[in-house]
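S.K.: The residues making up each chain are set out below.
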Amino acid sequence: MTHLPLYQQLLDSCAALLLLLSFAMLSQRRVVALVNLYAVQGAVLAATTLLLAWRTGQDHLYVSAALTLALKVMLLPWLLHRLIRRLQVHRDTEPLLNVSGTMLVGLVIVVFAFSLAQPITRLASTATRSAIGIALAVVLLAFLMMITRRKAVSQVMGFLSMENGVLFGAMSASYGMPMIVELGMALDVLVAVLVLGVFFFQIRERFDSLDLHHLESLKEHQ
Amino acid sequence: MALLLLLILPLMGAALLGITGAHRRAPEVNAAFSLGTLLAACGLAVRVIRHGDLLLGREQFFIDPFNVFLVTLTAFVGLTTALFSRPYMRIELDHGRLTPGKLRLYHSMYQLFMFTMLLALTTNNMGLMWVAMEGATLSTVLLVTLYRTPASLEAGWKYFILCGVGIAQALFGTVLLYVAAEKVLGSQGVTALLWTHLDAVKSQLEPTVLALAFVFLLVGYGTKVGLVPLHNWLPDAHAEGPTPISAVLSGLLLNVALYTVVRSKVLVEGSVHSQLPSRLLMGFGLVSVVVAALLLWRQRDIKRLFAYSSIEHMGIATFAFGMGGPIANFAALLHMTVHSLTKSSIFFTAGHAAQNAGTQAMDRIRGLITLSPTVGWGLMLGSLAILGVPPFGVFTSEFLILTTAMRTQPWATPILLAALAVAFAAIFSKVQPMVFGETTGRPLPHAPALLPVFTHLAIVLLLGLYIPHYLADWYRAAAHLIGG
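Protein chains in written order, with our numbering: chain A, 1 to 222; chain B, 1001 to 1484.
Here chain A stands alone, though its shape is the one from the complex:
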């Protein structure tokens, strides 16, 4: 067995943890727990970034880690919790595919993601390049979650988790994106959640529920 340095082991465990969290989100039906899982995912992401910043000595990564911590561990979960309390959504209804079925599809997706990530892994020169497959898997699992859920809040959690996956991909393949892009991304995510908050209240006001089956009348035959 090859002996890996400590930081490498830590980075790999962070990556593995992210993948596990993705699966946990996929199976979780309670909305509050979903938000907590999202916050943990953000924390793992921030830890990875911090580790990389310390390891490579790139200053912008410290900023990036702080940004992730502030936005994804504190601000967004706080906003989402508030929203859930105000709207009183607690459980998602039965998803379109049952949990074990979703898990099986998820497994296939992970294998697919790893094979897709092969050429990128070969190209990247970072210490974390083996994690690119995991990043892609997180993105695709979040996508799966968006497809199979019916409650608006759960779909949004899928969307946010997808963004986490992309950011983790950027971290592991190239130690993050240029600062201006990361700031822009953070701004967009924040605005997206605010817009959604407004949007949820509009849906609620109109339908008295956040179940998306109300939103299925615009079919081709009207």
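Rather than coming from a laboratory, the hints here were simulated on the basis of the structure. Positions of the beta carbon are idealized from the N, C-alpha and C atoms, including for glycine. Fair warning: there could be bad hints in the mix.
[To be verified] Reference listing, derived: stretches of chain B covered by chain A, where coverage requires no fewer than 3 residues with Cβ under 8 angstroms from a Cβ of chain A:
#: 1; segment: 1118-1129
#: 2; segment: 1132-1142
#: 3; segment: 1167-1173
#: 4; segment: 1260-1269
Based on these hints, arrange chain B on the given structure of chain A.
M.R.: Just chain B, lined up with the frame of chain A:
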């Protein structure tokens, strides 16, 4: 300086209209800011014509013939739409579909939307381009749901989620691009996402990664272009939002999204040395044309009808960019211009037609020509123009695309021709009874502003008869830039 004004004006407009918004003169202020933006765009265009490409703001902004023409077009349609929306939104206010508060949101977001599109067009940074595209979605989501009807909420939700997922794919594509570029351009990441730098080293970028990046970028930005099968949000958002928004979504946002796809294609094509990017564009384009033409038959809502027609025309332009070469690129650029002008003018008249009849259902809109001759003729002429009847400009661009297809991709020609014929029959048979015949509608309380409609159609007619040589040079330079 012109660039600074171009970006600052809409941003200031958004802030000002957001703060003072419910003011009686807000529509005029909105139009004034749009006029200022257009003047700045013209100033920028003149500079590019005189001095060639510009790199500004520490290389973060790049202006060349390809984007400066889209900038001018965007600012122009932005102004005419602002003029159109003055009486249109007053009528909506009178009908009680809107409140002054919602109007304030509308005006402020309209300017913000303009800002995001202009930023996406002028930036040299592929990352910023992504940020601006996401911003364009976010600024229009609440406009699509402006009426708060169940259908508009559904449309807004679909728009947000589908474009959100799409844009996340595009972000992944951008990350991949960055990974490949960083190998060649150095790792400090200052220049590795700048399009001009990427363009200079595109032949050294790792082909497999770039091919993968292109797939993500195409799926991501293609969702916004409305390419089938990623088009589901488009008809709903166009039909349920207020008409000025349908006009700018269809006439401008789709163009900007296609622009981002083409910018990515230029990079990838230089790297992969295979037919993959062109084939993908041609495939998506052709499928969009065919599916949209068939779905046109099933539409009952006037704005949905023309939304599907937008998918069809974006498909045609995408197909042409896929074929590549100077003539096809030239035709595609011309097609983007004339489609944008024609389609926005159609939405203007369709909006007033719906206000006349009190519904968007086509079988209840009748006899526009007796009720309001200008609206009726506007809709009729606009429909004929969009269907590619000579001598309108759409005919010229479609003719060029078809003849190029006959030479380089003969297999696609019959498919395209058949789809165009189907679309012609579908739209004409639906528009004809709306324009002529007995009327049931009532006249509008405010005179509609139809100057924009006829200005647009006159330009389209002019482009069909004669393309001024400086404009032709401009298109040619842009077409050369895209290459392929």
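S.K.: Against chain A, does the segment 1260-1269 of chain B show at least 3 residues with beta-carbon separation below 8 angstroms?
M.R.: violated (count 0)
S.K.: Holds or violated: the segment 1132-1142 of chain B covered by chain A, criterion of 3 or more residues with Cβ-Cβ distance under 8 angstroms?
M.R.: As far as the segment 1132-1142 of chain B goes, the hint holds, because 5 residues have Cβ atoms under 8 angstroms from chain A.
S.K.: Count the residues of the segment 1167-1173 of chain B whose CB lies closer than 8 angstroms to any CB of chain A, then report whether that count reaches three.
M.R.: Check passed, 3 qualifying residues.
S.K.: Test coverage of the segment 1118-1129 of chain B by chain A using CB-CB distances below 8 angstroms; three residues minimum.
M.R.: The restraint on the segment 1118-1129 of chain B holds, since 3 of its residues have a Cβ under 8 angstroms from chain A and three suffice.
When each numbered hint is compared with the structure, a violation occurs for hint 4 only.
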